[in-house]
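S.K.: Here is what each chain is made of, one letter per residue.
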Amino acid sequence: MTGLMGGWATLAAAGGGAAAHAAPGIPAPGAGSPIALLLLGLPLLAAALCGVFAATGNRSKLPAFTSVAALGACFGIALMLFLNWNGQPATARAFDWISLDWGAGKGQSFDAHFGVYIDGLTLLWMLFVTGLATVIALYSMEYMSHDVGLGYCRYFAAFNLFVFSMTALVMGDNLLMLFLGWEGVGLCSYLLIGYYYKRAAAVAAAKKAFIMNRIGDLGLLMGILSTFVVFGTIEYAPLFQMIASGKTASGAELASHWSVWGIPLMFAVGAFGKSAQFIFYTWLPDAMEGPTPVSALIHAATMVTAGVFLIGRLYPLFTADPALIALSVVAWAGVITALWAATIEMAIFDIKRVMGYSTISQLGFMFAGMGLLTPTGAAFHTFTHAFFKATLFLGVGAVMHGFGGQLDLRRLSGVMWMRGFGLVGIAMLVGSINLSGVPFTAGFFSKDVILAQAFTTPGTMIWGAQAAAWLLLLTAGMTAYYTFRTFLRVYVGPREFVPGDDAELLDLGRHPKGVSLDEWHAQHGHGHGHGHGHDDHGHGSDHRAAVRPDFDPTTEEFDPHPPGWSMKAAIGLCMVLSILAAGVYFMKPAVGNHGGWVAGMVGQSSAAFASPGEHHGGAAEHAAKLGTFLGYDPHKVMYYVSAGVGLIGILIAAFLHGPRGVWSLFIGNRTSAAVAPRADALANLFGPLTRAARNKYYVDEIYDALVRTPLRVLAHIFHILDQGLVDGLVNLCGALPRMLARSLRPSQSGVLQGYAVGMAAGLGLILIVVWVLMLR
Amino acid sequence: MLSFLLIIPLLSALAIGLAPERASKGLAMLGSLLALAAGAAVVASFDWGRGSAFQFAAALPVVPELGVTLSLGVDTVALWLVVLTVILQPLCVLGSFSAITERTRTYYASLMALQAAMLGVFLARDLIFFYVCFEFTLVPMYVLISLYGSTNRRKAATKFFLYTFTGSIIALAGLIYVAWVAATRVPDAAGWTFDIATLRSAAQAHLSPTEQGWVMLAMMAGFAVKVPLFPVHTWLPLAHTEAPTAGSVILAGVLLKLGTYAIYRFVLPFVPVAVVEYAHVVAALSIVGILYGGLICWVQRDVKKLVAYSSVAHLGFCMLGMFALNAAGVQGSILYMINHGLSTGALFFLIGFMYERYHTRSLEEVGGLGSKMPIWSTFMVFFMLASVGLPGLNGFVSEFLCVMGAFQSGAYTLGPGGTAGPLGPWYAFIAGFGMIVAAMYLLYMTGRIVFGPLREPPGHDDHGHGHAGSHEGGGLPADLTAREVVVLAPIAALCLFLGVYPKPLIATLEGPVNDKVQMVLSLGNAAGAAPAGAAGGER
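Residue numbers (the working numbering), protein chains in the order written: chain A, 1 to 776; chain B, 1 to 539.
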């Protein structure tokens, strides 16, 4: 057995591999520091420790401290790797995971190691994943404190497991390792969406997220298998070299091979599933059932960007196709998703779901960026979005925490002016101006890179690039509108609120600290109706009124519950980071001279790609073929155009939803939380369209009718058929021997003896036949 | 050495039968632990360098005139299945302590006799001995189901017995035909023999393609019922559902594997031409089983029946990999046998433990146990994930390899990563939907039974909260006892280990599997056109 175990090749660095001739774009990887493997190990260790705390019945905040420490250490390691990085890709391996051999030839062995591949894309993702994970773990320490005990351990175990999975996804050195992370983040998302597992809505949302993701995962799996069959490897380093050589493993011209568009399309399906792109997006709004820190980290900043990462990681393959078919599909999926989600956001009232749809819409921008040939823009937007969307979510979480889970923007107003909520309001403002693309914010710069490139990329390369660009610009305006619609209604204006139905539990000091709500509930014998989400911070407002008919906010005392130090610290940190993220645009990149630090990181990764028209000034002959913005160079005018569009969106929001009165810097006419005459009139004007958008265009219902219901009917038919088959067949087969047994031993009621005898007799009979045959 | 693996369980069955009732528990535990030790000794002294060779050969002529010999031997494939059997056995005994309180003597004696028979199947190198063991498993299993099962036990036991017995008789006819061919057509045959290796070469050399087709049909008639392959799976849900917990565990964990093992051992090498010709039929049936079984799981109200039907879907993957006839597929298939035994076995344990407390398996009556039974729920979610094929746990490795094998099989025209073989990417793609369906029904199951508001059968817990001690359910506490955790923890550890580091299995199975695959393909293709020579066009 010792021979087998030799595979524990203890943290052996892989070395340069078989890279005899490095591709021009991506050099062969060097030996990476094995310390990088700690990024996988530490979160796993922390998750295991949380499990131990759960088993030992720990009732302190120890799981939170452990998590913050482990994740902080991870961020430190990621930072150290970045600072010591020489700009070249590197790999390091821990041990073999799945490896098979069935011959000596090319493609006759399959290798998937537990190993890491480090390049600019990896480091970019790891820095914001570990950084934000640390901050949000800090936030969760307080946010989840109502559930100290088993639930707290469960939460942080899944949280750490998520970071492990995300790390595996981002850092893995082969596609199967990516798949491990891919499904792993899906699992943690499932566990955390369903955190409030007693509520049917949360359980259903968790299930839906996992299953919708699995549909995408099938595409990813088929992509991985096709990659192996065509290229004979699923490890990045040899794969990239083979793609750069322009040949498949069997020597065919890659450019004219089906795999050059077929495989990227399969991967794109996987990416659409994980990143909630059009037609798979419906799971993400429902995922808002999870605790808000989870929404911030997983369903806004990190996991949902995995699709963007996947496309960036395999950009050499996507761009090897001369017709760029897969990228055109990606671009249009992104554009449609961005626009589609934006129209829904403009109509709905649940501020957390607004953030959810906004994430879908912004992911659409990132996909459009990838598709419209600016991986830099996509990665940059992913980076800035991670910070400002986390800020927004954490702010929404603070409001929910403080107002008993209230999420309806018609029932909250002037929150910013309430005691203890100033920081929250400022953070929300910072997040909102980023999301709207107000000039000089991080979100402005990153969105600008995508928009400028969208107008530049010629339609001859990406199908319908010009139309896509105009739609994206329109969506940018809509984004500004819906963002400030929320901000102006909830955070400024007259101070007014209706607490959510969690109010009586979370406030008024009736719910003692350190006792989980379940126990508290059990002790106090409260028996509300079914589906009562008393221990929740994160559910929709739709069933709220029905749940607590007895609660009258005007007569009962309710004090908003301002966030404590750890929540405030996390919100503040996120806010500062989202401001600072703008700064990277002005940092000189390590390669090239345009696009800032992110461009440098992307330029030193698999996603390195010279976007058409990027180096303006030179190559005047190309200029004619490039797209323009109404005849101007998009890279020069887009700053002003997108700024203008964003400001128009904000002004419309101010006109329709801005408050009237002392606090009004605006032209608005909103008089209370619920009454905004102009907005309501406009909504009525669009009547059915508004209703459709508020109901998310009935997409869930359509899926239900077209897929789920037919499948269930089919399943029931199968079930009935199967039982009929059982009885039919068995009665048929059973009748004969039973009669035989009865005639042989009429007095015996035990069937067993009959069969044993029958079996022996049968065996004997056969032996006799053999005997006769042999003697013949 | 291998004979200890047979003698120990047989002797303990005998001892349990003779000893008083109160000793049977202990004797069964002792016997199964001794068998485990014997298994460990075999593993320790196995020569891993020669994994394809049958080691520890031992032979005892029984009926020399007929060539019937009690001959034993293991290669790595058989050995890992033996290991699975000896690991599950003590856990089954331990898991039955509180469930079986009456007629314990018959129960534990049957359990031990069953183990002897199952080990006999894996160890046999003689056809008659193999068949006797194969059939003998039915008797103790019949006893277990019909005496210790739930309400429909008689019907279930009879169905189980009849169904599999009928199939096996046909399989025996096919095998005997092979023996007859070996005795009559081989030029220098020294009379009758049932030695498997001899029969194999005789079958390969002297069966015409048509005969091979018939022999394959006959053998599949017996073995496919055991697997069970769609559409001959219908005995399984009832038998699984009605069997006592340990019975279900053994049934899912090992008994089904007798079918797949027999296919690996007899069908593939004996009739390679027919296998290559009809592989796509078997694969198609497997895929139908995956989707059909999976969808049926999704509408089950009885949680045990749900897991039972999931075996139909799971074993579909196992058969799909087997008939991909390449390294990845066949290795995946063998890993699947082991992994399914662990994860589905554990799910049956969990359901059994719940049943002991609530006396119902209906998802309508009981559910939301997450708050009431956190330890149980944690294990439930863990094994659900192993079953759903989450990477990092054991189920994924085997499922991925089976799908990969199906994808590669015949895809040599697409690139060097493809292999020769009868299937192709479309098989893998359609089977891949089974992974989505698996998520649907397994999450439906956990969504009902672990999550959601707590539902208990009426009258279950009248004492109210606060009395954390005993319920009416046999004096068991609300959550798992230490004994029950001890049953589940080793399986969980194995699931995790084999998911993260399956190399010990893969590396040792590589030799025999590659040999077998090469043999089947070269013989199977030699008769027909040789596709390896045909240069496939792109796309």
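Please note that a few of the clues may not be correct.
Claimed, not checked - Taking lysine to aspartate or glutamate pairs in the EDC-like style, the calculated list, with each CA pair at most 20 Å apart, reads:
id	chain 1	residue 1	chain 2	residue 2
1	B	K155	B	D302
2	B	K372	A	D147
3	B	K25	B	E102
4	B	K503	A	D147
5	B	K372	B	D479
6	A	K696	A	E253
7	B	K372	B	E356
8	B	K503	A	D101
9	B	K155	A	D722
10	A	K61	A	D408
11	B	K503	A	D96
12	B	K372	B	E456
13	A	K106	B	E510
14	A	K696	A	D680
15	A	K106	A	E253
Source of the hints: derived by calculation from the structure; they are not laboratory data.
S.K.: None of the hints should be skipped; say for each whether it holds.
M.R.: Hints and how they fare:
1. Simply put, K155 (chain B) and D302 (chain B) have alpha-carbon atoms about 18 Å apart, close enough for the 20 Å limit, and the pair holds.
2. Distance hint between K372 (chain B) and D147 (chain A) is fulfilled; the C-alpha atoms sit about 16 Å from each other, no more than 20 Å.
3. Between K25 (chain B) and E102 (chain B) the CA atoms are separated by roughly 11 Å; this keeps the pair inside 20 Å, and the hint holds.
4. For the given pair, K503 (chain B) sits about 41 Å from D147 (chain A) by alpha-carbon distance, which is inconsistent with the 20 Å threshold.
5. Simply put, K372 (chain B) and D479 (chain B) have alpha-carbon atoms about 7 Å apart, close enough for the 20 Å limit, and the pair holds.
6. Our distance criterion of 20 Å between C-alpha atoms is broken by K696 (chain A) and E253 (chain A), whose separation comes to about 46 Å.
7. Our distance criterion of 20 Å between C-alpha atoms is met by K372 (chain B) and E356 (chain B), whose separation comes to about 15 Å.
8. Straight-line distance between C-alpha atoms of K503 (chain B) and D101 (chain A) comes to about 12 Å, which keeps the hinted pair within the 20 Å bound.
9. Restraint check for K155 (chain B) and D722 (chain A): the C-alpha separation of about 16 Å stays at or below 20 Å, so the hint holds.
10. The hinted pair formed by K61 (chain A) and D408 (chain A) fails the criterion: a straight-line CA distance of about 31 Å is larger than 20 Å.
11. Distance check on the hinted pair: K503 (chain B) and D96 (chain A) sit about 7 Å apart at the alpha-carbon level, within 20 Å; holds.
12. Proposed proximity of K372 (chain B) and E456 (chain B) is supported: the alpha carbons are some 10 Å apart, at most 20 Å.
13. At most 20 Å may separate the alpha-carbon atoms for a hinted pair to count; K106 (chain A) and E510 (chain B) meet this at roughly 18 Å.
14. Simply put, K696 (chain A) and D680 (chain A) have alpha-carbon atoms about 19 Å apart, close enough for the 20 Å limit, and the pair holds.
15. With a C-alpha separation of about 17 Å, the suggested pair K106 (chain A) and E253 (chain A) falls inside the 20 Å cut-off, and the hint holds.
This entry does not satisfy hints 4, 6, 10, going by the numbered hints stated previously.
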